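S.K.: Each chain, letter by letter, is given below.
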Amino acid sequence: MGFPFDTPTWDGVSGAIFMGLGGSAPGLYSLIGIAICVAALVIGNMKEHGKYKPHK
Amino acid sequence: MEEQLAELAAQVAALEAKGNMTNTMFAEMYYYITIPLMIIIHAGFLAYEMGASRAKNALSSGVKNILAFAFVIPTFYFFGWWVYWGFPTGFSLSAGPNGISGAEYANSIAWAWGESAQYMGPNLDDQISGVFWGAFTLFAATTASIMSGAVIERIQTVGFVILAIVLGGFSWTLAAAWGWHADGWMVQNWGLHDFGAAGLVHAVAAFFALGVLINLGPRIGKFNADGTANHLAGHNMPFTATGLMLIVVGFWGFLMACLVVGGEAWSWGANYSTIYGTPTNLGALSFNILMGVAGGIIGAWLFTKDPFWMMSGALAGLISVASGLDIYFPSLTLIIAFSAGFLLKPAADILEKMGIDDAVGAVTVHGTMGIYGLLALGIFGSGYPALLGEGAPTVSFVGQLVGGIVFIAIGLSTGYVTSLVLKMLGMLRVPAAAEELGLDTVKVPSQAYPEGIMASAPASQK
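Sequences listed follow chains A and B, in order.
Under the working numbering, the residues of the first sequence are numbered 1 to 56, in order.
Under the working numbering, the residues of the second sequence are numbered 1001 to 1462, in order.
Everything labelled a hint here was simulated from the structure, so no lab data went into it.
These figures come from a predicted structure and were not determined experimentally.
Each hint should be verified, as a subset may be incorrect.
Taking lysine to any residue pairs in the SDA-like style, the calculated list, with each CA pair at most 25 Å apart, reads [claimed, not checked]:
id	chain 1	residue 1	chain 2	residue 2
1	B	K1018	A	I17
2	A	K51	B	K1018
3	B	K1018	B	Q1004
4	A	K47	B	N1215
5	A	K56	B	A1225
Isolated chain A (complex conformation):
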């Protein structure tokens, strides 16, 4: 993690510059992001159905 280049300077830096570059972190973040979306839908659906319950 942290600055993905050998020396802490922007001099000579090109290409991708995001955190986690070159490692498994971007993939892990993406996986967590997908999980958050899925979980939000599952929880949202449960709560929504809870609201409908008194009206069934």
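Starting from the known structure of chain A, arrange chain B on it as the hints suggest.
M.R.: This is chain B only, laid out in the frame that chain A set:
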């Protein structure tokens, strides 16, 4: 002398480098600007749908619309972008003649992990992927908003969001891969030309909505026992009409993003082109967008005098000429758009007589008129080369017809099947009692009009 020549050469090289950088920054800025412009489409859909809902459902319709926007963005990031680059040649996922499609290519640029992550995040050497992805994401979100209006006042929120994800992340993206991407099999084999996405965005989204409406059913009170329809008026027509005008504003950004800027490594040439590489410019859009909007409004006004249908006519007019905005003569644009505006209400009435409750006329505005426009270009634009270069396929009525049939099939089948699955899971329609009470009361923790809605005094009290 030699020294002076060397100095001159160095100055020319420096100037050239500056010019190239200016062009690159212009290209980046060009697509970046289209993104907020397209968000105006969503502001418009938000106002339009809330106004078209009865007061008891106003906020619920808004929540649904906002969530579709929010969920389509990450899902398009995680898989929709891959679909666009992976599928152009069909389900084989093989590379096309331009070498910028197929599974291998998509794997290398469109996943947010591994090596391809370098193109899916901040990158100093790549000033196009982010803004190009952003523009496509807004195309995706637009398809979800098109479907959104048709299903208001009785669809479940999460069920709707899932439908929006399928439509925005897969259905329209597949259509775009086939009919928009230069390697797309409909472009390469049939000479399909759909510059402004009348078919691959509007018609796909609208027929997706139709597939959903078949399973969802009409709102309570929409149809009488004898099959005749009642008009369930929205609670705020001024809001709806203003929303529709905002959608028209946003489509300037949408259509601007359909151009490919020139002079870059990924460009088709030195100047603007369509996404197919065929030459065009912003002047063509300016002429034809304005004439299309005007023609649609006039046509609808002549038939209905109703501001809702007049502003829907503006959209219908624009959509009916979107496929050929790059090549139509403005007077012809006016004629086609006028006919679309004129035919709009009768076409919506036919759908209603078939027992389909499309609350805002989305299927007609975007679907019927999208296909109408696709076919119109097949008649008037026949013979135009559909791609850049020698031996390119040409635009034809048959090619446009094939495109239209495929777009209808993609939209209708994916919308119908996904909504059927949701229906079987009990995630499609709200309970009848909740629908009758109003969805804002049932599930929204705030009120649209806590102090009531101001109304004009009855004539008797004046």
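S.K.: Each of the hints needs a verdict: does it hold here or not?
M.R.: Hint check:
Simply put, K1018 (chain B) and I17 (chain A) have alpha-carbon atoms about 23 Å apart, close enough for the 25 Å limit, and the pair holds. A threshold of 25 Å between alpha carbons decides the hint, and for K51 (chain A) with K1018 (chain B) the separation of about 60 Å lies outside it, so the pair is violated. Only pairs whose Cα atoms come within 25 Å are accepted, and K1018 (chain B) paired with Q1004 (chain B) is accepted, the gap being roughly 21 Å. Under the criterion of a C-alpha separation no larger than 25 Å, the hint pairing K47 (chain A) with N1215 (chain B) is consistent with the structure, at around 23 Å.
At most 25 Å may separate the alpha-carbon atoms for a hinted pair to count; K56 (chain A) and A1225 (chain B) meet this at roughly 24 Å.
Of the numbered hints listed earlier, the single one contradicted by the structure is hint 2.
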